[in-house]
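Residue numbers (the working numbering), protein chains in the order written: chain W, 1 to 232; chain R, 1 to 347; chain H, 1 to 369.
Bear in mind the hints are in silico, worked out from the structure with no lab data behind them. The structure presented is a predicted model; accordingly, all values stated were derived computationally and were not measured. Ideal placement from N, C-alpha and C gives every residue a C-beta, glycine not left out. Mixed in with the good hints, there may be bad ones.
One side only, chain H facing chain W, incomplete, derived with CB under 7 Å [said to hold, decoys possible]: (1) Asn-100; (2) Trp-104; (3) Ile-223.
Pairs of lysine-lysine, DSSO-like flavour, derived with a Cα cap of 30 Å [what the hints assert, rightly or not]: (4) R/Lys-189 to W/Lys-20; (5) H/Lys-360 to W/Lys-55; (6) W/Lys-129 to H/Lys-88; (7) H/Lys-37 to H/Lys-143; (8) H/Lys-283 to H/Lys-314; (9) R/Lys-189 to R/Lys-217; (10) W/Lys-129 to H/Lys-283; (11) H/Lys-360 to W/Lys-141; (12) R/Lys-179 to R/Lys-268; (13) W/Lys-20 to R/Lys-81; (14) R/Lys-212 to R/Lys-179; (15) R/Lys-212 to W/Lys-198; (16) H/Lys-143 to H/Lys-127; (17) W/Lys-141 to H/Lys-314; (18) R/Lys-81 to R/Lys-318; (19) W/Lys-129 to H/Lys-21; (20) H/Lys-283 to W/Lys-141; (21) H/Lys-127 to W/Lys-55; (22) H/Lys-37 to H/Lys-63; (23) W/Lys-129 to H/Lys-115; (24) R/Lys-318 to W/Lys-198; (25) H/Lys-25 to W/Lys-141; (26) H/Lys-37 to W/Lys-55; (27) H/Lys-314 to H/Lys-360; (28) H/Lys-314 to W/Lys-129.
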Amino acid sequence: MGIIVDGIKQAFLLLIHGDKQMLQIAWLSLVVSGTATILSLLIGIPLGSILGLAKFPGRRVVVSLVNTGMGAPPVVVGLIVSIFLWRQGLLGFLHLMYSPGAMIIAQFIIAFPIVAGFTLAAMQQLDPKLRLQITALGVSKIQLVWQLLLEARLPLMAAVMAGFGAVISEVGASMMVGANITGQTRVMTTAIVGENSKGNFALAIALSVILMAIVYLVTLLLTMIQQRNKVR
Amino acid sequence: MKKLITPMLKMLFITAVLLGLVSSLFGCSSTTTATTTTTTNTATQVTTTLKTTSTTTMPVSTTTSSAVVTTSTTITPPLVKPANPEIILSSTTSTRDSGLMDVLIPIFQAKTGYVVKPVYVGSGAAIALGQAGNADVMLVHSPAAEVTFMQGGYGIYRRLVMHNDFIIMGPPTDPAGIKGTANPVDALKKIAASGAKFYSRGDNSGTDAMDKSLFAKAGITVKDGASTNPSWYIEGGAGTGMLDLLRVASEKGGYILTDRSTYVANQKVLTLDIMVQGDPSLLNVYHVIQVNPAVFPKVNAAGAQAFSDFMIDPATQKIIAQYGIAQYGQELFFPDFGKSESQLGSQ
Amino acid sequence: MNPMQTKAVPPALEANNLAVKLGGKQVLNIAELQVNKNEVLVIIGPNGSGKTTLLLSLALLIKPASGTITYQGYASSKNTATLELRRKLAVVFQEPLLLNTTVWNNITLGLRARKLPVEEIKARTEKWLARFGIADLAQRQAKTLSGGEAKRVSLARAFALQPDVLFLDEPFNGVDSPTRQALMEDFGSVLRETNVTTVMVTHDRSEALMMAHRVIVLINGSIRQMGTPPQVFSNPVDEEVANFVEAGNIMHGVVSSQSEGQALVDVGGLRLDVVSNLSAGAKVTMFLHDDDITISLPAAQTQLSSARNHYTGKISKIFPTGSQIRVTVDCGIPMVALITKRSWEELSLKIGDTVIVSFKASSIHLIPK
Numbered sequence: 001m002g003i004i005v006d007g008i009k010q011a012f013l014l015l016i017h018g019d020k021q022m023l024q025i026a027w028l029s030l031v032v033s034g035t036a037t038i039l040s041l042l043i044g045i046p047l048g049s050i051l052g053l054a055k056f057p058g059r060r061v062v063v064s065l066v067n068t069g070m071g072a073p074p075v076v077v078g079l080i081v082s083i084f085l086w087r088q089g090l091l092g093f094l095h096l097m098y099s100p101g102a103m104i105i106a107q108f109i110i111a112f113p114i115v116a117g118f119t120l121a122a123m124q125q126l127d128p129k130l131r132l133q134i135t136a137l138g139v140s141k142i143q144l145v146w147q148l149l150l151e152a153r154l155p156l157m158a159a160v161m162a163g164f165g166a167v168i169s170e171v172g173a174s175m176m177v178g179a180n181i182t183g184q185t186r187v188m189t190t191a192i193v194g195e196n197s198k199g200n201f202a203l204a205i206a207l208s209v210i211l212m213a214i215v216y217l218v219t220l221l222l223t224m225i226q227q228r229n230k231v232r
Numbered sequence: 001m002k003k004l005i006t007p008m009l010k011m012l013f014i015t016a017v018l019l020g021l022v023s024s025l026f027g028c029s030s031t032t033t034a035t036t037t038t039t040t041n042t043a044t045q046v047t048t049t050l051k052t053t054s055t056t057t058m059p060v061s062t063t064t065s066s067a068v069v070t071t072s073t074t075i076t077p078p079l080v081k082p083a084n085p086e087i088i089l090s091s092t093t094s095t096r097d098s099g100l101m102d103v104l105i106p107i108f109q110a111k112t113g114y115v116v117k118p119v120y121v122g123s124g125a126a127i128a129l130g131q132a133g134n135a136d137v138m139l140v141h142s143p144a145a146e147v148t149f150m151q152g153g154y155g156i157y158r159r160l161v162m163h164n165d166f167i168i169m170g171p172p173t174d175p176a177g178i179k180g181t182a183n184p185v186d187a188l189k190k191i192a193a194s195g196a197k198f199y200s201r202g203d204n205s206g207t208d209a210m211d212k213s214l215f216a217k218a219g220i221t222v223k224d225g226a227s228t229n230p231s232w233y234i235e236g237g238a239g240t241g242m243l244d245l246l247r248v249a250s251e252k253g254g255y256i257l258t259d260r261s262t263y264v265a266n267q268k269v270l271t272l273d274i275m276v277q278g279d280p281s282l283l284n285v286y287h288v289i290q291v292n293p294a295v296f297p298k299v300n301a302a303g304a305q306a307f308s309d310f311m312i313d314p315a316t317q318k319i320i321a322q323y324g325i326a327q328y329g330q331e332l333f334f335p336d337f338g339k340s341e342s343q344l345g346s347q
Numbered sequence: 001m002n003p004m005q006t007k008a009v010p011p012a013l014e015a016n017n018l019a020v021k022l023g024g025k026q027v028l029n030i031a032e033l034q035v036n037k038n039e040v041l042v043i044i045g046p047n048g049s050g051k052t053t054l055l056l057s058l059a060l061l062i063k064p065a066s067g068t069i070t071y072q073g074y075a076s077s078k079n080t081a082t083l084e085l086r087r088k089l090a091v092v093f094q095e096p097l098l099l100n101t102t103v104w105n106n107i108t109l110g111l112r113a114r115k116l117p118v119e120e121i122k123a124r125t126e127k128w129l130a131r132f133g134i135a136d137l138a139q140r141q142a143k144t145l146s147g148g149e150a151k152r153v154s155l156a157r158a159f160a161l162q163p164d165v166l167f168l169d170e171p172f173n174g175v176d177s178p179t180r181q182a183l184m185e186d187f188g189s190v191l192r193e194t195n196v197t198t199v200m201v202t203h204d205r206s207e208a209l210m211m212a213h214r215v216i217v218l219i220n221g222s223i224r225q226m227g228t229p230p231q232v233f234s235n236p237v238d239e240e241v242a243n244f245v246e247a248g249n250i251m252h253g254v255v256s257s258q259s260e261g262q263a264l265v266d267v268g269g270l271r272l273d274v275v276s277n278l279s280a281g282a283k284v285t286m287f288l289h290d291d292d293i294t295i296s297l298p299a300a301q302t303q304l305s306s307a308r309n310h311y312t313g314k315i316s317k318i319f320p321t322g323s324q325i326r327v328t329v330d331c332g333i334p335m336v337a338l339i340t341k342r343s344w345e346e347l348s349l350k351i352g353d354t355v356i357v358s359f360k361a362s363s364i365h366l367i368p369k
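Taking the hints into account, I'd like the entire structure generated from these sequences.
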């Protein structure tokens, strides 16, 4: 138990002293996972909206793929992304392997089915007549989708939280496509794995505490945005 | 519904393009952190000199000691930024876990302007990365596999860099009673007879290849992942590395074969004692091999050459020799460039 | 279809050979339907008859499998024009279906979508909020409103669009009784005032009687009967319609005298005793439920003292409906009464028999024209 107390102490020391390496790792975690989440929103929300609102042949197949993607193991995603990004891979010319860019791609692939799935569910739980009512007000298709998204904003914030939560805490894919390189691709989770291997348990715990604080703060922020309208 | 899908598809497309842009932005940003400024480009000079003097052909390369070119020991930033600054180095977990590469890579990067992306896996996987053309240069310690690799034509310039040695470790209680046994093969026979646990990497790494070959000499057949393996032979290291398996053996009280450097650098977290050491058969030899650009045109041949040259540079060799003395009171690696593999083991 | 409509004014809305399929099953089959300018057309019919589907199809919210809907000469089949056409329509659903934002934003959404000038949006919104008596609710969150308030907002939202055609799907359903009365009165007066062409679905006969210029009876997805409320309610074309409309009696008349809340109304030669404060000369429409009328043999006349109205006539038509029989008695005007099979048999009645129909003055519902 002493080791946990040591770890928490060390976490505070690292934070108080603004340890440069720790800050860099935390910042990279936020940038990589934040970017991946934002991109996954840009893809996942339209995709979820289409699947939730439109009817087209093959829709069920796509929905089942999205649902499968929601549970895709990060290491599988990491492996597939690796195969594409390796030197000899299809996208090897991009020189993205073992870079934050590769991690963003992998995390994006992990997050967007989650966002799409949540959006789909949010859209489907809206009263189908609401859609007719909004259409009847003479709005364009885009305005219709926008209004429906506004109506579904509470569950959509849950989609954001779920997507971000999945990627910030993910380690398998980041390790595979980022390789935990000091100063380049080391993020909170891969750093924790590395420090744990080296037996630097206190540091590993310190990093864990900081990671959890980051997740908590981001979730708190999103929750406050989500619940803003509720308290009246 | 078509009218609804079309704008959505447009949005999907735009996002996909955006994803490409953003991720490539992050891809580049890591490489632009490399140093940029000037003076003489010693690395390039070294490269050209060595290319002409490395006359030996595959499979085993031993260059003559006359090939050594003097370079200053202070780090001089490169004159020009390399055209392709990204080098993928596939190496073994022992070079990471011993802490050596954390010292060498920053020096190399500062000297040459290259950015190294090291991938630490078992030697088997490291060689596989090279064999698929997904790495530019390898620093590995699995001689038999390396020779096969060279014979396959996948690599060029296999150069001896350094060695240390393998040791057999075990719990202080030593249930198999092997402590002090001189011959590692005898020790393994005793472990087998006692039924005490033996932890193997089981990942085709250099260490794994070594324990397999020693068991073979002891007349005990073990294979990676085979159900016919004896119950005391436990494979637990795949995908993690030497240090992780040492920790497992330490916690579970089992015997284990490890390279000395990983143990020494991490002994504070391990409750294992050295049981067997010093036999010539326990030698652990590291070579640097460049992936053959004739087979894989996409590899960063110039970068691989620069890294290989750096590893055998006298200044680097000196750093290798000194590494660990201050921190652990003993050297972890012995620089060997210029020697032949058969000369080793006589220290 | 409507012989009373002159061809000079083109219909506001016209549907031809309209077929709608839901899940592969045809639920609507309308050969021809016209909605005339400025009329209130009420669609009635049993549950599942396709009323709402017809309304939504006419409002261009459901795509028909085949057929055309022509709106002031523009066919809706062309996809590009749909939005433009839709902006001339407004729909009020059974549920208020307000968006999760303020009342103000709810009412202005359609106006903003039409890119109207800000001042006009403001003026229209304020006007319609005031007209429905909810000006003080403008900044409230829609989800904090009561059912009646929300309904008013949804009506105001529709009227603010100043539609050429207004569609309503059972707009007063699910609103509790006193609120509903006030709401219907306000809505009725707005409707008369704006004279907007209206298509309304209801299952409530009194709503249809009060508001409709014309009534459509929809059964199994097709129009079974169409006409003025008296035509439909007094003369159902068949038993199925009769069963559904539970034909009441609709009479038009003129008040001939008035005394302390009791009025006499002349209807086609009869003089009805009714409860009303309207003064002599007022034109009225009266509704009399068929089960408020009793039938007796002429000999039993003395026993009917409590009822104020007694008229003699001959049985002209009968419709058996389950345990009851709908009897039409010609008293100069047709009077429809509902009696039990048992009394029918006890009285041993048949077509052509002379009987006395009786009802209380208070049974008559009277609406000034």
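Right, here's what the structure says about each hint:
1. Asn-100: holds, 6 Å
2. Trp-104: violated, 14 Å
3. Ile-223: Since chain W brings no Cβ nearer than about 23 Å to H/Ile-223, farther than 7 Å, the hint is violated.
4. R/Lys-189 to W/Lys-20: violated, 51 Å
5. H/Lys-360 to W/Lys-55: violated, 58 Å
6. W/Lys-129 to H/Lys-88: holds, 20 Å
7. H/Lys-37 to H/Lys-143: Distance ~36 Å between H/Lys-37 and H/Lys-143 Cα, so the pair is violated.
8. H/Lys-283 to H/Lys-314: Distance of about 28 Å is within 30 Å: holds.
9. R/Lys-189 to R/Lys-217: holds, 10 Å
10. W/Lys-129 to H/Lys-283: violated, 41 Å
11. H/Lys-360 to W/Lys-141: Answer violated: H/Lys-360 to W/Lys-141 is near 57 Å, above 30 Å.
12. R/Lys-179 to R/Lys-268: Roughly 20 Å between the alpha carbons, so the hint for R/Lys-179 and R/Lys-268 holds.
13. W/Lys-20 to R/Lys-81: holds, 27 Å
14. R/Lys-212 to R/Lys-179: holds, 20 Å
15. R/Lys-212 to W/Lys-198: Holds - the C-alpha atoms of W/Lys-198 and R/Lys-212 are around 26 Å apart, at most 30 Å.
16. H/Lys-143 to H/Lys-127: holds, 22 Å
17. W/Lys-141 to H/Lys-314: Status violated; Cα separation ~62 Å.
18. R/Lys-81 to R/Lys-318: holds, 26 Å
19. W/Lys-129 to H/Lys-21: holds, 18 Å
20. H/Lys-283 to W/Lys-141: Violated. H/Lys-283 to W/Lys-141 sits at ~49 Å, over the 30 Å cutoff.
21. H/Lys-127 to W/Lys-55: violated, 40 Å
22. H/Lys-37 to H/Lys-63: Roughly 23 Å between the alpha carbons, so the hint for H/Lys-37 and H/Lys-63 holds.
23. W/Lys-129 to H/Lys-115: It holds: about 24 Å lies between the C-alpha atoms, which stays within 30 Å.
24. R/Lys-318 to W/Lys-198: It holds: about 26 Å lies between the C-alpha atoms, which stays within 30 Å.
25. H/Lys-25 to W/Lys-141: Within the cut-off at roughly 27 Å; holds.
26. H/Lys-37 to W/Lys-55: violated, 36 Å
27. H/Lys-314 to H/Lys-360: At roughly 20 Å apart (the allowed maximum being 30 Å), H/Lys-360 and H/Lys-314 satisfy the hint.
28. H/Lys-314 to W/Lys-129: violated, 51 Å
Checked against the numbered hints given earlier, the structure breaks hints 2, 3, 4, 5, 7, 10, 11, 17, 20, 21, 26, 28 and satisfies all the rest.
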